[in-house]
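On the provided structure of chain A, position chain B as indicated by the hints.
Number of protein chains: 2
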Amino acid sequence: MNKRRVSKTIQVGGVSIGGDAPVRVQSMTKTDTRNVAATIDQIRVLEDCGCEIIRCAVPDMEAARALKEIKRGISIPLIADIHFDYQLALAALESGVDGLRLNPGNISDPDKVAAVVRAARERQVPIRIGVNFGSLPADLDPRLSVPEQMAEAALRHIRILENLDFDLIKVSLKAFDVPTTVQAYQEIASRIPYPLHIGITESGTPRQGMVRSAVGLGILLYEGLGDTLRVSLTGDPRDEVYAAYEILKSLRLRERGPSLVRCPSCGRTEVDLVSLATSVEKYLAGIQKSVKVAVMGCVVNGPGEARDADIGIACGKGKAVIFRKGQPVRTVDEADVLSELMREIEQF
Amino acid sequence: MNKRRVSKTIQVGGVSIGGDAPVRVQSMTKTDTRNVAATIDQIRVLEDCGCEIIRCAVPDMEAARALKEIKRGISIPLIADIHFDYQLALAALESGVDGLRLNPGNISDPDKVAAVVRAARERQVPIRIGVNFGSLPADLDPRLSVPEQMAEAALRHIRILENLDFDLIKVSLKAFDVPTTVQAYQEIASRIPYPLHIGITESGTPRQGMVRSAVGLGILLYEGLGDTLRVSLTGDPRDEVYAAYEILKSLRLRERGPSLVRCPSCGRTEVDLVSLATSVEKYLAGIQKSVKVAVMGCVVNGPGEARDADIGIACGKGKAVIFRKGQPVRTVDEADVLSELMREIEQF
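Keeping their order, the protein sequence lines are chains A and B.
When you line the first sequence up against the working numbering, it's residues 25 to 372, in that order.
When you line the second sequence up against the working numbering, it's residues 25 to 372, in that order.
Bear in mind the hints are in silico, worked out from the structure with no lab data behind them.
Don't take every hint at face value.
[To be verified] DSS-like, lysine-lysine: derived pairs with alpha carbons at most 27 angstroms apart:
hint, chain 1, residue 1, chain 2, residue 2
1, A, K341, A, K306
2, B, K27, B, K92
3, A, K316, A, K306
4, B, K313, B, K341
5, A, K273, B, K273
6, B, K316, A, K27
Just chain A, with the same shape it has in the complex (with noise of 0.2 angstroms):
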């Protein structure tokens, strides 16, 4: 695994992005951001997921107003995602967003771009620039690969930022395209010094935005890059915090809550193994404590795996062997494995 990239560190409100600082997990509303009650509920859900930066579209003046009130209602950063109109961003800034998300090329009045990047600067408040593949200015050399593009779309942004002398930059570079979005992110990184926002667009169904996400942020962070992320999924935002923090866990990034190994259970298995992990795994889901538990159904992979956790059970035929931060405990009867591994669980 590649040594993490050195960036710069920016705050978004009380997050710190970049530097040494935990890989970030955020995520994006669903609801209309004009719909006060309904953002606050889900920021609140997603707050409780482990979401530590939040972004709310901002299509009119009604939502970038809407944001003050948000903000009074929740405890995470709150990022306002603005396209094409200045007035929003400034709105946005009145309203005391934490972040803005911004292409400074895409306002094409250079007072404009001036205005929105003096009222950022006085609140401290960095913006994201953001590339996607599907809104690529037409103008760019075409001998550039796709992934060079991005890149250099970016970076005339970027300049944009840095000549009106403001680097409280983050940058983001998208595609659906696994390969391509990897390669963009290469591409850039050495270039410029400021956190990596990594994400991959438009994923599909939730399933198949899982695994490409994985694949592709999986990738990303393996070599090095990659400051904070958003799992871009249909559906319930939840699943995006869910699946971002499985990821990092994955590579030894964060840690958050139980984790539990069980074996995909075979023609070896000799106890009920689907039931019995299904009903640790419902237990676990109750309990914050970061705590790595195996369940595993037979002597071949069992003991090693189980041994390696921090709570661990080993079946056989009618009784389970219990481990202890490598060290069995005791044996116990299959009717009692349940019971006997959640009082372990709750006395680590």
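Quick look at chain B alone, frame taken from chain A:
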């Protein structure tokens, strides 16, 4: 993306693995192998999902003998998963299996190993050596890292086969931990010429398992490692095949069926994108064509991503533009979007 590692090609029944062959998708039955009818039923379902090789656990002689009848009922190559007992391996070969998963070092008597290898060679049946982090031998050099130990454990088994002049070998090195697994495969990749079977073991709940496997297998494939894969998931093995193809498709290594690009929807969306995309998804689930369909909800990223698809729609207020291979074809009313899109896909 790294160029794929060059490996020997082996044949598992009619399916080639390694070399220039496509990265193969395999799964493992969850049925009791002794229950021939249930096992055949499950394998047939998996064949329909695109599973190319199937493995069955062989816990006893009855299971080893059942493989003969199972083999007659299915169309894809069958691999017998054997532990410890060489007689089960011999019986499985008698039953006509196309591959063995067996670690020769687990059979203590060299004559018994030689008997199995002789029978496998006669039938030109390959053997997969599968090292799991959970069952490493106790006498490995403790100064080695865990991935080095895993590679070393595999090399011991490989040398036993090579000393018997047997080279129809495939190797896997699995662990729950993604970085460990990736390093283990990197460790062995340059030291052996054989194809690699990749996987992440015992990956927890189906959702967690899908994400972890996608991260781990995605990284390995991106690094150019992996000639066949199994996504180990608790529950329905169809999910294993689905996830395997999604991982391969995301890196453009395989194509299978239609793919749907849809935007995650946000506060900008002015049509009921979720229900539209869900309808399109249901329709696509019933077709086999490799067609890329884009359903986009707004004018920001919509037109670009829709243009990149074979068939795309970019929705605006009450209307949508249909694209065919990058060209806008016509504008249709919101009410007709679904039927018009389906017509385009049928004609594609």
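So, going through the hints one by one against the coordinates:
Between K341 (chain A) and K306 (chain A) the CA atoms are separated by roughly 24 angstroms; this keeps the pair inside 27 angstroms, and the hint holds. About 39 angstroms separates the Cα atoms of K27 (chain B) and K92 (chain B), which puts this hinted pair outside 27 angstroms; it is violated. For a cut-off of 27 angstroms, the pair hint linking K316 (chain A) to K306 (chain A) stands: about 15 angstroms separates their Cα positions. Distance hint between K313 (chain B) and K341 (chain B) is unfulfilled; the C-alpha atoms sit about 30 angstroms from each other, more than 27 angstroms.
Distance check on the hinted pair: K273 (chain A) and K273 (chain B) sit about 24 angstroms apart at the alpha-carbon level, within 27 angstroms; holds. As the CA atoms of K316 (chain B) and K27 (chain A) are separated by approximately 36 angstroms, the hinted pair breaks the 27 angstroms bound.
Of the hints listed earlier, those the structure fails to meet are numbers 2, 4 and 6, in rising order.
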